[in-house]
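Chains A and B supply the protein sequences, listed in that same order. So in the numbering used here, spot 169 of the first sequence is number 169, and the numbers just go up one at a time. So in the numbering used here, spot 99 of the second sequence is number 99, and the numbers just go up one at a time.
If you are wondering where the hints come from, they were derived from the structure by calculation, not from laboratory data. Any given hint could be a false lead.
In silico BS3-like links for lysine-lysine, alpha-carbon gap of 27 Å or less [stated by the list, open to error]:
| no. | chain 1 | residue 1 | chain 2 | residue 2 |
| --- | --- | --- | --- | --- |
| 1 | B | K13 | B | K77 |
| 2 | B | K77 | B | K219 |
| 3 | B | K14 | B | K219 |
| 4 | A | K137 | B | K70 |
| 5 | B | K13 | B | K70 |
| 6 | B | K219 | A | K69 |
| 7 | A | K137 | B | K77 |
| 8 | B | K219 | A | K137 |
Where chain A lies over chain B, by a calculated footprint (3+ residues, C-beta under 8 Å) [claimed, not checked]:
| no. | stretch |
| --- | --- |
| 9 | 169 to 177 |
| 10 | 195 to 207 |
Pulled from the structure, derived: some chain A residues nowhere near chain B, Cβ distances all over 10 Å [to be verified]:
| no. | residue |
| --- | --- |
| 11 | N34 |
| 12 | L91 |
| 13 | K99 |
| 14 | S131 |
Just so you know, even glycine gets a beta-carbon here, dropped at the ideal spot from N, CA and C.
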Amino acid sequence: MLLKNWWKILSFFFLLYTFTAGFLGSVPVKPILNETIRNLYFHVAMWMVMMIFFIVSVVYSIRYLRHNKPVDDIYATEYARTGIVFGFLGLITGSVWAKYTWGDFWSNDPKQLGAAIALLIYLAYFVLRNSLTDLDKAGRISAVYNVFAFAMLFPTIWIIPRLVESLHPGGMGNPALNTKDIDSRMRMIFYFGAIPGWALLGVWISTLRIRMQMFALNHQTNG
Amino acid sequence: MLKNYGLIFTLIKKDVLLEFRQQYSFYGILLYVASTIFVLYLAMGQPENMVWNGLFWMMQLFICVNAVAKTFLQEGKGRQLYFYSLCSPLHFMMARMIFNAILMLLMNLISLLLFILLLGSPLNHTILFLGISCFGACSISLVFSFLAAIAARAQQNAALMAILGFPLIIPELMLMMRLSSLAFSDVFQSGLTSIVLLLACFDLLVVLLAAILFPFLWKE
């Protein structure tokens with residue numbers, strides 16, 4: 001059991017570390033940001049994890065198109081689903097953060113809009129999937145859309161924020177965060193606690209759903 | 001190589017011929033353009049610059065969805081099977097994209113003319129705006145050609161195309177509006193070339209992706 005499930009336990013300890021060290025640890029004192037800087041462990045980590053899952057989903061979609069195995073399609077769908085959940089959490093934590101730093105939950109900032117667009121695109125992916133009843137056809141067409149949407153979306157998410165003014169930190173270079181604002185202590189919790197912790201939790205959720213879908217698929221094919 | 005161009009050209013010729021034979025659908029879109037712009041004129045009169053710009057690009061978007069969707073959605077299953085036996089998916093898709101781009105260019109010119117006639121002309125650099133709008137119309141039509149191919153597979157659902165396409169096209173449309181707002185200003189501003197280059201790369205990416213992915217949509 002321990003050999004098979006060690007990463008789930010690891011995820012638990014990573015998140016425990018993130019929550020305790022994240023809320024109790026010392027942070028650099030910055031004007032405007034103040035204590036809200038702790039949201040870095042949640043908000044920024046959510047987006048990174050969402051990005052990881054969308055990339056995983058696209059890789060499985062490409063594999064599905066190449067080898068045509070139904071398993072790959074299930075993987076692609078479920079990772080996209082978990083990605084959307086993390087995307088919504090990122091949006092919510094982001095707007096709470098925005099309320100306390102920019103003064104409003106939603107201020108039509110280019111990055112907020114970009115995030116909303118990204119979520120709309122992936123919701124459209126599920127609408128497309130569900131509009132097709134034939135399993136094989138649904139898999140192939142939604143895989144094509146997944147690859148197309150990913151390739152169209154992410155260049156714009158990485159390029160457009162660099163062209164327009166934004167309230168969000170990191171206008172030049174890194175679009176997500178201003179690396180000068182955090183110190184080595186925070187970096188430690190962020191890279192060795194929050195990101196792997198949330199990512200492993202997401203994998204855990206996805207594998208559960210994948211197992212369920214596989215069971216349904218076997219049930220369908222074997223009567 | 002020459003044979004490839006010949007094939008694509010033949011396919012485009014076929015599409016153009018079809019347009020001439022079934023003129024009702026072409027006039028249908030034309031009427032759609034004219035009546036929508038007329039309604040806009042009745043609703044807004046002669047709006048100010050930024051509103052004019054925004055309305056123009058929204059018009060392009062809706063024209064594109066209608067014009068491009070038509071080319072894929074009007075084909076029955078039987079005809080698609082016939083094409084399947086005749087030519088490769090690559091040729092078919094490329095011909096479709098070029099044809100749609102030409103159709104969209106025509107519609108763009110007509111709608112620009114109607115906009116200037118009815119909604120007034122706040123443009124300071126008309127030629128520049130003409131160039132940008134032609135470029136934009138081509139870009140939008142490329143993206144929607146591929147999305148129409150996807151939507152056509154999904155039970156010929158035209159509403160699906162809007163759901164799939166609108167979020168995807170927003171970033172490109174925003175860049176287009178930013179670019180075309182240069183045509184309204186009195187002094188010529190810089191910053192044109194980098195956005196144009198970016199959009200050109202974007203178009204290239206769309207064409208490449210369509211070439212790679214369309215064969216998977218094609219086989220059934």
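Hints, verified against the model:
| no. | hint | verdict |
| --- | --- | --- |
| 1 | K13(B) <-> K77(B) | 21 Å, holds |
| 2 | K77(B) <-> K219(B) | 12 Å, holds |
| 3 | K14(B) <-> K219(B) | 22 Å, holds |
| 4 | K137(A) <-> K70(B) | 22 Å, holds |
| 5 | K13(B) <-> K70(B) | 17 Å, holds |
| 6 | K219(B) <-> K69(A) | 16 Å, holds |
| 7 | K137(A) <-> K77(B) | 15 Å, holds |
| 8 | K219(B) <-> K137(A) | 10 Å, holds |
| 9 | 169 to 177 | holds (count 5) |
| 10 | 195 to 207 | holds (count 5) |
| 11 | N34 | 33 Å, holds |
| 12 | L91 | 15 Å, holds |
| 13 | K99 | 25 Å, holds |
| 14 | S131 | 5 Å, violated |
Checked against the numbered hints above, the structure violates only hint 14.
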